[in-house]
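Student: So you can see what is in the structure, the chains are spelled out below.
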Amino acid sequence: MIHCLEKVRETNPLVHNITNYVTVNDVANVLLACGGSPIMSDEPEDVADITAICGGLCINIGTLNQRSIEGMKIAGAKANELGHTVLLDPVGAGASALRTNTAIDLMETIKFDVIRGNVSELKTLAFGAGTTKGVDADTADAVTEENLDRMVAFVKDFAHKTDCVIAMTGAIDLVADAEKCYVIRNGRPEMGKITGTGCQLSGLMTAFVTANPDQKLKAAAAAVCVMGVAGEIGYRNLKDGEGNASYRNRMIDAIYHMDAAALKREAHYEMR
Amino acid sequence: MIHCLEKVRETNPLVHNITNYVTVNDVANVLLACGGSPIMSDEPEDVADITAICGGLCINIGTLNQRSIEGMKIAGAKANELGHTVLLDPVGAGASALRTNTAIDLMETIKFDVIRGNVSELKTLAFGAGTTKGVDADTADAVTEENLDRMVAFVKDFAHKTDCVIAMTGAIDLVADAEKCYVIRNGRPEMGKITGTGCQLSGLMTAFVTANPDQKLKAAAAAVCVMGVAGEIGYRNLKDGEGNASYRNRMIDAIYHMDAAALKREAHYEMR
Amino acid sequence: MIHCLEKVRETNPLVHNITNYVTVNDVANVLLACGGSPIMSDEPEDVADITAICGGLCINIGTLNQRSIEGMKIAGAKANELGHTVLLDPVGAGASALRTNTAIDLMETIKFDVIRGNVSELKTLAFGAGTTKGVDADTADAVTEENLDRMVAFVKDFAHKTDCVIAMTGAIDLVADAEKCYVIRNGRPEMGKITGTGCQLSGLMTAFVTANPDQKLKAAAAAVCVMGVAGEIGYRNLKDGEGNASYRNRMIDAIYHMDAAALKREAHYEMR
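Order-wise, the sequence lines are chains Y, C and L. For the first sequence, position 76 (counting from the first letter as 1) is numbered 76 according to my numbering, and the numbering increases by one without interruption. For the second sequence, position 201 (counting from the first letter as 1) is numbered 201 according to my numbering, and the numbering increases by one without interruption. For the third sequence, position 62 (counting from the first letter as 1) is numbered 62 according to my numbering, and the numbering increases by one without interruption.
Hints are not guaranteed to be accurate.
What the hints assert, rightly or not - Quick list of in silico lysine-lysine cross-link-like pairs, PhoX-like style, CA-CA up to 25 Å:
| id | chain 1 | residue 1 | chain 2 | residue 2 |
| --- | --- | --- | --- | --- |
| 1 | C | Lys218 | C | Lys239 |
| 2 | Y | Lys193 | C | Lys161 |
| 3 | Y | Lys193 | L | Lys239 |
| 4 | L | Lys239 | C | Lys193 |
| 5 | Y | Lys73 | Y | Lys111 |
| 6 | C | Lys111 | C | Lys180 |
To be verified - So the derived label-pair ranges between C-beta atoms look like this:
| id | chain 1 | residue 1 | chain 2 | residue 2 | range |
| --- | --- | --- | --- | --- | --- |
| 7 | C | Ala153 | Y | His257 | 56 to 66 Å |
| 8 | Y | Glu145 | C | His3 | 30 to 40 Å |
| 9 | C | Ala261 | L | Leu238 | 29 to 39 Å |
| 10 | L | Ala260 | C | Pro189 | 40 to 50 Å |
| 11 | Y | Arg236 | C | Lys264 | 42 to 52 Å |
| 12 | Y | Glu266 | L | Lys264 | 39 to 49 Å |
| 13 | Y | Lys264 | L | Met107 | 21 to 31 Å |
| 14 | C | Gly83 | Y | Ile104 | 27 to 37 Å |
| 15 | C | Glu6 | L | Asp105 | 49 to 59 Å |
| 16 | Y | Ile104 | C | Gln66 | 40 to 50 Å |
Keep in mind the hints are simulated off the structure, nothing from the lab. The beta carbon of each residue, even a glycine, is placed where N, CA and C say it ideally should be.
Bound-form chain Y, shown alone:
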């Protein structure tokens, strides 16, 4: 995992983000914090050129519209053609027909390396029209120690079917391919009080996989650990009276200062 972080710092991967306008600034600063570089572009006429100069593409459907959906398709096709890393963050799949259908359509037309979402989004994608609703995960669906075996089997199976690394994030994070699953126990529940930690992780993960194309699973898991450890460090660094706005900054700051020693000391994961 340490090696994956170091490769990001060394290679400074340029990541093209087609993402939502809610959390885009934080995504850009997280990418800079980890050692990558961000570019944002969603205009259909612009995206192919922009993706061509990047190493990775992060598609996030958080505030999708007809124009940006077209941009996603063009950029995804170009990134596939060039062999770039491509990640999908299906924000709100299950919350609206457009989001669900767009995510499924993108999965059918673009070869993704990684899909990162919460449990409700991923269940929606796995089982067609979802039974869950909302852009946050349905708590009834959460990964717990009790249902862990079943959930690990689910993400491995979904990874197998999609031929993607699947990163299902929540209180316990699962990052799997068809064979192996990282079970990661980092982070803080208060991270859910910051808007866009999932979007930020998707950007970060795209940089990690782009910088480590030969070990996508490990790189995706490393990104989850970096984010979770940063969430813990940032929380410890909060001063009296500071709340979710300051926490956001302190978490990004912790990514900026993340080093091998901190990651080795604080990342908690096991393989299943």
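We have chain Y; now place chains C and L onto it with these hints.
Tutor: What follows is chains C and L alone, placed relative to chain Y:
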């Protein structure tokens, strides 16, 4: 007022925001800070589904465009059909024909529970094509101790004509229905040096009214008090050398930590 | 330079920004920090009215799309008609055909007072289709003490050809008209780890030139000095564990508190 805050914390209202891309991240973090949850969506094909899973809808015309205006109309109609709370923030009404006309058109086609704006925006809406200009209030129009009786009468009258709660915010805030008006004296002038405190308040207010559907007037006034008190606490928490960027964070942090004791101790209002 | 800052504080210039959604919130807060006021609008039907009530227009193509490009053209024409200050930030010129062609097209149809970009963007505009790629400057192109004479000549020549003030920012900043060039040595390399410092500077510069229409060159150079000095002060104000997210805030805070004494003491520039 304390009860209104507690209801937000207890019920975690989900608020659909069709809002501007300038201040959207802060609106999301304010909603999380107060105990609500934000969703953003402005694509006409997406908004009806998204609004359907929410409890409230906040329409802010700060960076309106033809696509998002269509989204506002569809979402507003759906929210009305479902009996959801709907708030209008007519950002820049009076500053351009499109903004003025869009706000008036929305008021004619959507039943709003609350309209929140500055004095210039609300005068524009009350008197048709406005004589004021700009997205900040014309200082000549400001509510003062001297013209308070007249301004209270204006907001009550406008509340009567529109059958909405009217929240007119400035140095002195007025929140009224046709019968009663809260006159609120909280906040700091330095809040005007942070972009989007009005937008943030509109998001917060939507959460408060959504969580307290049986006392909309009081809930809207409570949101104004929470924002004003947070502005005062955040200001006191500023450290040497900190300016408007840190102030923004400290104000949101103060909303995050706002409790019944602070609100009771520091909210300053009277009824007229 | 001090006079230029004081004029911004005194006259509170209203700046219309057609800018990208990545860094727009920071641009707004920087404008407020320096003493200006921001308005954002990119809808073709809205921009002429909005620009009409402003003093300056800042066009930034960072996340351009077909709709906003049309908005840029309409707003630019209106601003020219009214004799307003107009600045171009050609973000990513050279990184895509659409960005390069749009920047060139805007330069042909709008009279700009200032063009502010990095060396790669400005070389692309000066020499047609660019040989550099990316939205950050190609390090091979950077202004150094060794190539300084040549680069000064380049910006003066480009200023002459375009009849604009040219601000080429990087480790060493050059701000020139056809006759004179400010060579400015302020700022910190860590500013490159904050997303959008260039965009923020473009907004700030528009306010400075708008407030000082009779000395555009000096006003543009003063804006560069203010930004660079704020970057140094903000860096010194960083506490243990703080990284790029906190640095962003501390830099804006430093602009907020910037005064004549600090600017006089810390601005480092010479004329060539």
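Student: Next, verify each hint and record whether it holds.
Tutor: Hints versus structure:
1. Lys218(C) - Lys239(C): violated, 34 Å
2. Lys193(Y) - Lys161(C): Violated. Lys193(Y) to Lys161(C) sits at ~39 Å, over the 25 Å cutoff.
3. Lys193(Y) - Lys239(L): holds, 24 Å
4. Lys239(L) - Lys193(C): Roughly 24 Å separates the two Cα atoms, so the pair holds.
5. Lys73(Y) - Lys111(Y): holds, 11 Å
6. Lys111(C) - Lys180(C): Distance of about 20 Å is within 25 Å: holds.
7. Ala153(C) - His257(Y): 56 to 66 Å: holds, 57 Å
8. Glu145(Y) - His3(C): 30 to 40 Å: Since Glu145(Y) and His3(C) have Cβ atoms about 37 Å apart, the given range 30 to 40 Å holds.
9. Ala261(C) - Leu238(L): 29 to 39 Å: holds, 34 Å
10. Ala260(L) - Pro189(C): 40 to 50 Å: violated, 23 Å
11. Arg236(Y) - Lys264(C): 42 to 52 Å: Given range 42 to 52 Å: violated, Cβ gap about 32 Å.
12. Glu266(Y) - Lys264(L): 39 to 49 Å: holds, 46 Å
13. Lys264(Y) - Met107(L): 21 to 31 Å: violated, 52 Å
14. Gly83(C) - Ile104(Y): 27 to 37 Å: For Gly83(C) and Ile104(Y) the Cβ distance comes to about 32 Å; the hint holds.
15. Glu6(C) - Asp105(L): 49 to 59 Å: Since Glu6(C) and Asp105(L) have Cβ atoms about 56 Å apart, the given range 49 to 59 Å holds.
16. Ile104(Y) - Gln66(C): 40 to 50 Å: Roughly 28 Å apart at Cβ, these two residues miss the hinted range, so it is violated.
Comparing the model with each numbered hint stated earlier shows that hints 1, 2, 10, 11, 13, 16 do not hold.
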